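Colleague: Next come the chains, spelled out residue by residue.
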Amino acid sequence: MPEHEADGQLATPTQEVRDFLHRRREQIAQRWADEPLFRTVFTVSRDEAVEAGKAVVDALAQVADSEQVEDPDAAGFSGVREQLARMGAARSRAGLSNTQVSGELAALRPPVENLLAADLEQAPPEHLRACSTALTVLMGTLRLVAMQTALSEWQALSDRQRMQLLEVATPVIRLWDGIVAVPLIGTLDSARSQIVMETLLNAVVEQHARFAILDITGVPTVDSLVAQHLMKTVAAARLMGAECIVSGIRPAIAQTIVHLGLDLDVITRANLADALGYALHQLGAGIVGPGTGQR
Amino acid sequence: MNDAYARPVTGHVPVLRLGDVLLVTLQGDLHDSTAQQLQQDLAETISRTGVRGVLIDISGVEIVDSFLGRVLAEIAAQAKLLAARTVVAGMRPAVAITLVELGLTLPGLRTALSTEAGMELLTRQAPVPRPGGPRQESP
Amino acid sequence: MHTAAGVEACLPIRSDMDLVWVRQHVRQAAARLGFGLVDQTKLITAASELARNTLVHGGGGQMEATQVGSAGAQGLRLAFTDEGPGIADLDLALSDGYTSGGGLGMGLSGARRLVHDFDIETTPGSGTTVRVTCWVGRPPRPREGA
Chain Z
1 MPEHEADGQL ATPTQEVRDF LHRRREQIAQ RWADEPLFRT VFTVSRDEAV
51 EAGKAVVDAL AQVADSEQVE DPDAAGFSGV REQLARMGAA RSRAGLSNTQ
101 VSGELAALRP PVENLLAADL EQAPPEHLRA CSTALTVLMG TLRLVAMQTA
151 LSEWQALSDR QRMQLLEVAT PVIRLWDGIV AVPLIGTLDS ARSQIVMETL
201 LNAVVEQHAR FAILDITGVP TVDSLVAQHL MKTVAAARLM GAECIVSGIR
251 PAIAQTIVHL GLDLDVITRA NLADALGYAL HQLGAGIVGP GTGQR
Chain Y
1 MNDAYARPVT GHVPVLRLGD VLLVTLQGDL HDSTAQQLQQ DLAETISRTG
51 VRGVLIDISG VEIVDSFLGR VLAEIAAQAK LLAARTVVAG MRPAVAITLV
101 ELGLTLPGLR TALSTEAGME LLTRQAPVPR PGGPRQESP
Chain P
1 MHTAAGVEAC LPIRSDMDLV WVRQHVRQAA ARLGFGLVDQ TKLITAASEL
51 ARNTLVHGGG GQMEATQVGS AGAQGLRLAF TDEGPGIADL DLALSDGYTS
101 GGGLGMGLSG ARRLVHDFDI ETTPGSGTTV RVTCWVGRPP RPREGA
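Chains as they are written, first to last, in UniProt numbering: chain Z, 1 to 295; chain Y, 1 to 139; chain P, 1 to 146.
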């Protein structure tokens with residue numbers, strides 16, 4: 001330990017940082033309120049941003065007091081975790097990438113450091129350096145906490161959106177009296193297939209549909225799992241007394257199905273129009289009209 | 001108490017005759033013995049009356065397990081031997097999904113969306129060929 | 001009788017009347033835990049298959065229902081226990097189409113496909129326990145192989 005500190009008058013760097021945070025609470029919060037992260041999240045009033053800043057300063061002081069500056073799980077952070085997550089989420093909703101949000105969090109450090117440097121102007125340089133290091137570590141931990149919390153929030157949000165998308169992405173269309181169709185677009189996984197199956201079968205009951213067309217024009221690949229899901233849907237519809245027609249099997253997919261050795265025991269048609277034509281014919285209706293020389 | 005457990009309630013499911021068709025409406029949770037009793041009753045009634053069709057409405061049935069599935073398949077098979085066609089009508093989506101997941105697709109069973117559709121299927125002269133039935137070739 | 005929770009219970013499986021009780025209990029428990037209609041139907045059907053196995057192959061036994069999971073995921077676990085002859089060849093018994101009781105041979109293998117977790121313990125000569133668990137809101141697992 002350097003000689004001039006040996007007198008024991010100086011607090012440890014962490015304690016120094018804690019006292020500094022208590023002392024400069026108002027100023028730090030004021031400066032943060034002008035930083036993009038606070039300014040853009042708390043748009044209603046500047047006071048609101050200052051109050052939010054003070055809460056974060058208090059949390060940092062509490063963490064410093066418990067000497068846990070490197071621990072993102074420190075109890076002191078628990079009070080501001082939710083607030084940080086809200087701020088992060090708000091920024092990402094505003095179109096910022098994770099990196100940009102992280103950058104805005106990093107931008108909170110310099111104003112605090114400048115204040116600290118000004119406060120400890122008279123202190124021995126080693127002590128100032130040690131205190132800055134402690135503050136830097138503490139701010140780094142804060143950033144980590146904010147990112148952690150925000151990421152889990154984003155995860156939950158994206159899960160929710162994914163589920164909503166699943167439901168929205170399965171429109172069952174009534175094409176004719178007794179004929180419904182569902183155009184499938186995108187990848188079919190287990191969760192989505194389950195929703196497709198339930199939605200389609202419920203529509204079959206509601207619409208008294210004798211024919212249900214599964215159009216897979218928009219499905220990029222058909223592996224054995226997807227084929228299995230299609231076959232389950234077809235089989236379940238049959239048990240209910242409806243017939244499924246799979247339309248829009250692209251040549252590459254036909255090849256895959258053959259290569260996989262799958263037995264697609266189902267009526268297939270090249271496209272939705274042909275499938276509708278087939279179903280109409282079976283129902284005893286026909287397409288009379290100019291043009292479409294199909295079938 | 002034990003006696004009540006040991007002797008399951010056997011009930012007869014009412015079998016209605018509508019012209020050339022026997023109509024059976026299943027409802028709720030069927031005991032195994034009731035289902036077996038129905039299978040026996042139907043065989044006797046078909047042979048006694050000489051009807052050409054059996055329509056089983058299962059729209060009120062919440063669960064079809066492999067036992068009831070087998071009973072339905074056997075009813076259809078025995079009716080066929082007695083020169084009658086069987087249609088199972090009104091299976092609920094959840095029941096159908098579960099049966100498929102269970103591995104029971106009941107290929108020999110003729111199905112219809114409703115009793116009306118089933119009746120139409122049975123009373124129409126020419127039976128509609130079921131697509132996806134017997135396959136001619138396999139790789 | 002059932003506990004206050006309405007989920008936890010131990011039901012005897014001695015006759016085909018008991019199968020009805022088992023199905024009704026599982027239906028109520030599954031509805032209480034918030035299972036969707038399709039998942040309820042699957043779980044009740046699986047319970048029906050397994051309870052029938054307990055009755056027909058195990059000579060009777062019991063079903064124990066337990067609520068499992070924490071705040072994150074809720075589930076219903078059913079344990080079917082018998083003291084029957086046990087299963088000599090488990091792999092065979094779990095394969096589609098295998099039957100020793102004159103059924104369609106879909107009981108054990110089919111029930112397995114209807115649930116999320118499936119676990120079986122059997123000792124030839126001293127009995128079998130099958131435990132199945134379904135989780136609320138989890139998509140069905142893909143069929144193995146096939």
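Treat the hints with caution; some may be incorrect.
Unchecked claim - Listing some non-contacts, in silico: residues in chain Y with all C-beta distances to chain P over 10 Å:
1. VAL24
2. HIS31
3. ARG52
4. SER66
5. THR98
Claimed, not checked - Ranges of calculated distance between the beta carbons of each label pair, as one might list FRET restraints:
6. GLN67(P) with GLN161(Z): 28 to 36 Å
7. GLY34(P) with HIS259(Z): 38 to 46 Å
8. GLY60(Y) with VAL136(P): 25 to 33 Å
9. THR49(Y) with LEU283(Z): 26 to 34 Å
Unchecked claim - A short list of chain Z residues far from chain Y (calculated; beta carbon distances all over 12 Å):
10. ALA89
11. MET147
12. LYS232
13. ALA270
Derived from the structure by calculation, the hints contain no laboratory data. Quantities reported herein were computed from a predicted structural model and do not represent experimental measurements. Glycine is no exception: its CB is placed at the ideal position from the N, C-alpha and C atoms.
Colleague: Which numbered hints are broken by the structure, listed smallest first?
Modeller: 2, 4, 5, 12
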